[in-house]
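Going by this note's numbering, the sequence shown opens with residue 59, and the numbers climb by one from there.
Hint data in this document are derived by calculation from the structure and do not stem from the laboratory. All residues carry an ideal CB built from backbone N, CA and C; glycine is no exception. Worth double-checking, as some hints may not be accurate.
What the hints assert, rightly or not - Ranges between beta-carbon positions, derived for each pair:
#  : residue 1 : residue 2 : range
1  : Lys97     : Glu166    : 29 to 37 Å
2  : Thr112    : Thr74     : 18 to 26 Å
3  : Ala117    : Arg87     : 35 to 43 Å
4  : Ala117    : Ala67     : 21 to 29 Å
5  : Arg146    : Ala118    : 29 to 37 Å
6  : Glu166    : Glu114    : 19 to 27 Å
7  : Met82     : Leu120    : 22 to 30 Å
8  : Arg135    : Met82     : 19 to 27 Å
9  : Arg122    : Gly62     : 16 to 24 Å
10 : Gln165    : Ala117    : 30 to 38 Å
11 : Asn150    : Ala101    : 33 to 41 Å
Unchecked claim - Derived DSSO-like pairs (lysine-lysine); straight-line CA-CA distance at most 27 Å:
#  : residue 1 : residue 2
12 : Lys63     : Lys139
13 : Lys97     : Lys134
14 : Lys97     : Lys139
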Amino acid sequence: SWLGKIQGALPPMGSTDSARDQSMFAIERAACGFGLDYKHWPAGVGVLLAGEETAEGAAAPLPRILTLGSDTERLKREGQKLEARFGRDAGNGWVYNHALGKLRLYQELLLR
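Start from the sequences, fold in the hints, and give me the full structure.
Here it is in structure tokens:
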């Protein structure tokens with residue numbers, strides 16, 4: 059699958075094995091439907107998840123799946139809107155930006 063190929067096809071992102079693993083883990087979680095969420099945002103809110111808090115007892119919207127064809131720039135804008143509404147990513151990109159950047163690089167590699 060493309061998830062297995064992405065890590066080996068690109069130069070490492072991050073200066074440590076832990077940083078590289080964290081980027082890949084985020085991509086894998088999003089590809090499985092768990093989205094890109096942040097511990098300081100409300101439960102169920104995140105990139106590829108809901109953009110609003112779900113009222114208690116109400117059904118949350120179904121998550122969207124990260125795919126090889128996902129529009130990473132649109133997803134980054136979605137994340138920026140969530141940061142503006144629910145709080146900044148204090149990890150400087152670890153919530154969604156690093157993972158989406160790695161996917162974008164892989165998409166560009168495939169188009170060459």
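For each hint, the structure was consulted:
1. Lys97 / Glu166: 29 to 37 Å: Given a distance of about 31 Å, which is inside 29 to 37 Å, the answer is holds.
2. Thr112 / Thr74: 18 to 26 Å: violated, 36 Å
3. Ala117 / Arg87: 35 to 43 Å: violated, 21 Å
4. Ala117 / Ala67: 21 to 29 Å: Violated, at about 38 Å.
5. Arg146 / Ala118: 29 to 37 Å: Given range 29 to 37 Å: violated, Cβ gap about 23 Å.
6. Glu166 / Glu114: 19 to 27 Å: violated, 43 Å
7. Met82 / Leu120: 22 to 30 Å: holds, 24 Å
8. Arg135 / Met82: 19 to 27 Å: holds, 23 Å
9. Arg122 / Gly62: 16 to 24 Å: Given range 16 to 24 Å: holds, Cβ gap about 22 Å.
10. Gln165 / Ala117: 30 to 38 Å: Distance hint for Gln165, Ala117 holds at roughly 32 Å.
11. Asn150 / Ala101: 33 to 41 Å: violated, 23 Å
12. Lys63 / Lys139: violated, 30 Å
13. Lys97 / Lys134: At roughly 18 Å apart (the allowed maximum being 27 Å), Lys134 and Lys97 satisfy the hint.
14. Lys97 / Lys139: holds, 16 Å
Hint compliance for this structure: hints 2, 3, 4, 5, 6, 11 and 12 are not met, and every other hint is.
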